[in-house]
Structures are given as C-alpha cells and as structure tokens.
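Using the sequences and the hints, build the whole thing.
According to the numbering used here, the sequence shown is numbered sequentially starting from 4.
Think of the hints as simulated: they come from the structure by calculation, not from any bench. Incorrect hints may have been included.
[To be verified] Label pairs and their in silico Cβ distance ranges:
| no. | residue 1 | residue 2 | range |
| --- | --- | --- | --- |
| 1 | Glu-28 | Asp-49 | 28 to 34 Å |
| 2 | Leu-44 | Ser-81 | 52 to 58 Å |
| 3 | Val-30 | Lys-6 | 37 to 43 Å |
| 4 | Glu-31 | Asn-69 | 53 to 59 Å |
[Claimed, not checked] Calculated pairs, DSBU-like style, for lysine-lysine (alpha carbon to alpha carbon, straight line, at most 30 Å):
| no. | residue 1 | residue 2 |
| --- | --- | --- |
| 5 | Lys-42 | Lys-59 |
| 6 | Lys-71 | Lys-84 |
| 7 | Lys-71 | Lys-59 |
| 8 | Lys-42 | Lys-57 |
| 9 | Lys-65 | Lys-84 |
| 10 | Lys-57 | Lys-71 |
| 11 | Lys-29 | Lys-42 |
Beta carbons are placed, not taken as given, at the ideal position from N, Cα and C, and that holds for glycine.
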Amino acid sequence: MRKTYLTLAAIAILFTATNCKTDTEKVEDATTDVVEAGKDLEEATDDYQAEVAKYKIETADKIAANEKSIAEFNTRISTEKK
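As structure tokens, this is what we get:
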C-alpha cells in the first residue's frame, strides 16, 4: 500500500515537473494562439464575403428570371383579354 502511494506521488511530481511552463513560454504560446486566431478570422471573413457575393449574384439572377416570367404572364393575360 505504501509503495502505491509513493508511486502515485512520484508520478504526480513527474507530471508537475514536466508540465510546468515559465511565464515567458505561456506568453509565447498565447501570442501564437492569438496570431493563429487572427489568421483564421481573416480566412473566415474572406470566405463569408465570397459566399455573400455569390448569394447576391444568384438572387439577382432569380429576381431577373421572376420579373421576366411576370412580364410574359402579364403579356399573355393582356392578349387573352382582347
């Protein structure tokens, strides 16, 4: 039982010693994370802008097709009334 506690304590000390980072390392890691997040944000913004532009073009095409269909329908109705 005593060996188990000593083994667990040794493992805990080993993990603590190997996982400790200095403040400088933590700041460097955080800075790297911020830079990567900024790049990801720029990429996502570019993708979003491209999708919005594509959506606008598709919507304009649909509106034009609908307006043409309405004009043809109105023409057909006016000729049938006569």
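Right, here's what the structure says about each hint:
1. Glu-28 / Asp-49: 28 to 34 Å: holds (32 Å)
2. Leu-44 / Ser-81: 52 to 58 Å: With a Cβ separation near 55 Å, Leu-44 and Ser-81 satisfy 52 to 58 Å, so the hint holds.
3. Val-30 / Lys-6: 37 to 43 Å: holds (40 Å)
4. Glu-31 / Asn-69: 53 to 59 Å: holds (57 Å)
5. Lys-42 / Lys-59: Distance ~26 Å between Lys-42 and Lys-59 Cα, so the pair holds.
6. Lys-71 / Lys-84: holds (20 Å)
7. Lys-71 / Lys-59: holds (18 Å)
8. Lys-42 / Lys-57: holds (23 Å)
9. Lys-65 / Lys-84: The hint holds at about 28 Å.
10. Lys-57 / Lys-71: holds (21 Å)
11. Lys-29 / Lys-42: At roughly 20 Å apart (the allowed maximum being 30 Å), Lys-42 and Lys-29 satisfy the hint.
Of the numbered hints given earlier, the model fails none.
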